[in-house]
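Please build the complete structure, drawing on both the sequences and the hints.
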Amino acid sequence: EAGVAQSPRYKIIEKRQSVAFWCNPISGHATLYWYQQILGQGPKLLIQFQNNGVVDDSQLPKDRFSAERLKGVDSTLKIQPAKLEDSAVYLCASESGGSYEQYFGPGTRLTVT
Amino acid sequence: GEDVEQSLFLSVREGDSSVINCTYTDSSSTYLYWYKQEPGAGLQLLTYIFSNMDMKQDQRLTVLLNKKDKHLSLRIADTQTGDSAIYFCAEKPGNAGNMLTFGGGTRLMVKP
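Line by line, the protein sequences are chains A and B.
Okay, so the first sequence: first residue is 1 according to our numbering, each after it adds one.
Okay, so the second sequence: first residue is 1 according to our numbering, each after it adds one.
Keeping only pairs whose Cα atoms sit at most 25 Å apart, straight-line, the calculated DSS-like set for lysine-lysine is: (1) Lys36/B to Lys44/A; (2) Lys67/B to Lys44/A; (3) Lys36/B to Lys11/A.
If you are wondering where the hints come from, they were derived from the structure by calculation, not from laboratory data.
Below, the structure written as structure tokens:
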């Protein structure tokens, strides 16, 4: 079974630029999560999708971050405009219905200069 | 509120047992997890325990849960150099949603 795929693996941008990250969850997994992991800290949830609907986006800085999962499979997370403090690893995770196991992708490491 | 705490660092010798500790505050947590993160990689699910259990063993891994004290531990038997990584404890609250709340991670260093 293929794992959670993310791209790109690394991205370097200047502040005020925009960036987008892509996630393809494990096939059949209805729930998809985006987490932000700042260096030296544990991951923090940004947004949770159930199929193509948002379950929880209370921690998403909506003035600059947006996310979508239009067809209930792949998801895109966008930052516009980026700030220096957005430098982090962005992790995507997925979970099948009725399971208690979240599986993580390799992450996208974002550096904002 | 929800808060998960871990010690920052643990160093052991190869072949010894490692014990990584975690405390949490949400008494309604349903599941508690241990993840492993190697440099430059995502999080690997190691094991998890349901809150009505007090112990779970899986090969070299033993999870102990003291629900009264809200304390979780992960014991790795016969620790190997390949076990060197950051270990994260996480809880799944009992309220709505399936989000995980993570601790800050414990860096395990295994010396040969």
